[in-house]
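*Asks:* The lines below spell out each chain.
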Amino acid sequence: MKIWTSEHIFSHPWETVTQAVWRKYPNPHNPAVVGTDVVERQVVNGVLHTHRLISSRWGLPSWAQTILGADRVCYGYEHSEVNPEEKTMTMRTRNLTFSSTVSMDERMVYSPDPTDCEKTILRQETIITVKGVPLTSYMEDYLLNSISTNSFKVEELMSTYKRSTTEIFSHTKRSFGEITESALRSVDDISLVAMKSVDEISDAAKKSIDDLSCAAKKGIDSFTQPAGSMPRI
Amino acid sequence: MNSVGEECIELKQTYDSCFNKWFADKFLKGLAEEDKDCSNIFTAYQSCVKKALKSQNISLAEVEKDVLGTSEENQPPNSS
Chain A
1 MKIWTSEHIF
11 SHPWETVTQA
21 VWRKYPNPHN
31 PAVVGTDVVE
41 RQVVNGVLHT
51 HRLISSRWGL
61 PSWAQTILGA
71 DRVCYGYEHS
81 EVNPEEKTMT
91 MRTRNLTFSS
101 TVSMDERMVY
111 SPDPTDCEKT
121 ILRQETIITV
131 KGVPLTSYME
141 DYLLNSISTN
151 SFKVEELMST
161 YKRSTTEIFS
171 HTKRSFGEIT
181 ESALRSVDDI
191 SLVAMKSVDE
201 ISDAAKKSID
211 DLSCAAKKGI
221 DSFTQPAGSM
231 PRI
Chain B
1 MNSVGEECIE
11 LKQTYDSCFN
21 KWFADKFLKG
31 LAEEDKDCSN
41 IFTAYQSCVK
51 KALKSQNISL
61 AEVEKDVLGT
71 SEENQPPNSS
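Residue numbers (the UniProt record's numbering), protein chains in the order written: chain A, 1 to 233; chain B, 1 to 80.
One or more hints might be untrue.
Partial selection, computed: residues in chain A whose CB lies under 7 Å from chain B [as the list claims (entries may be wrong)]:
1. 11
2. 13
3. 15
4. 19
5. 43
6. 44
7. 84
8. 86
Calculated lysine-lysine pairs in the DSSO-like style (CA-CA distance at most 30 Å, straight line) [said to hold, decoys possible]:
9. A/119 <-> B/21
10. A/87 <-> B/29
11. B/29 <-> A/24
12. A/131 <-> A/87
13. A/2 <-> B/51
14. A/24 <-> B/21
15. B/51 <-> B/36
16. A/119 <-> B/51
These are calculated hints, taken from the structure and not from any lab test. Here the structure is a predicted model, which means the values were calculated and not measured. Using N, Cα and C, we set each Cβ at its ideal position, and we do this for glycine too.
If we strip away everything but chain A, and leave its shape as in the complex, we get (with noise of 0.2 Å):
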């Protein structure tokens, strides 16, 4: 299991922020999402509950595609929560491609910055669990790593909500920069590991080697005995 959180200032008011939020999509930092659709929406005692399923291609490498199938549309979970008169917007996501194998776990919290009411923060945890597959931690670190790979120009947004709508974008990178770190170090241990046990493989298989050229050495010995020794046919 790997876990990953990030805190993030918005310069902008939270009723800004959400509204950015909602618009967040098709994002140039993100373009592995290709979707997103309403499935339920309420408004229960002032809070406003959606219920998304976000369509998203990963480009999965060749590798990853073996251990966990195809790499075809994969699709996500939202659920969220807006209350206008606490000032939270929670959101939390889920997938539901892959479940057997993989856990994607994603939870966001918009809430005012209590040091400066024109500010926003955001609160960010996501959850990566892989079983049954070889290599689990290595796809681990491969799944938050390869949300890092995405492109990172900032482009201009000709929409209100623009700048907002910028920061929502540049702070992906931001955190995305921070996983891709992480992913390096654990994949550095992981060659460590690797190589090690490419070394007892070594040996082992050396070891075998040596026992089967003892082994061929007293068959072929025996086999240029005298012929009287030879069985008979």
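Once you have looked at the hints, place chain B on chain A.
*Replies:* This is chain B only, laid out in the frame that chain A set:
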């Protein structure tokens, strides 16, 4: 932005515009409990999405189930 069903894209875009306006002008200001402005277009959009989910065999009930840690978790291949 696309929809899970290609035939729903136009409905989605109309609904999203309506919702964004309601959210900013009414909901955040505490002026509306329900999104009555967009209810008609939402109903049409919803029905399109549910049809698309069914035709693509996407089951949303699975998301409420815990799979990892239960007997339905993918088992590692047997080493033999």
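*Asks:* List in ascending order the numbers of the hints, as given earlier, that are violated by the structure.
*Replies:* 1, 2, 6, 8, 12, 13, 16
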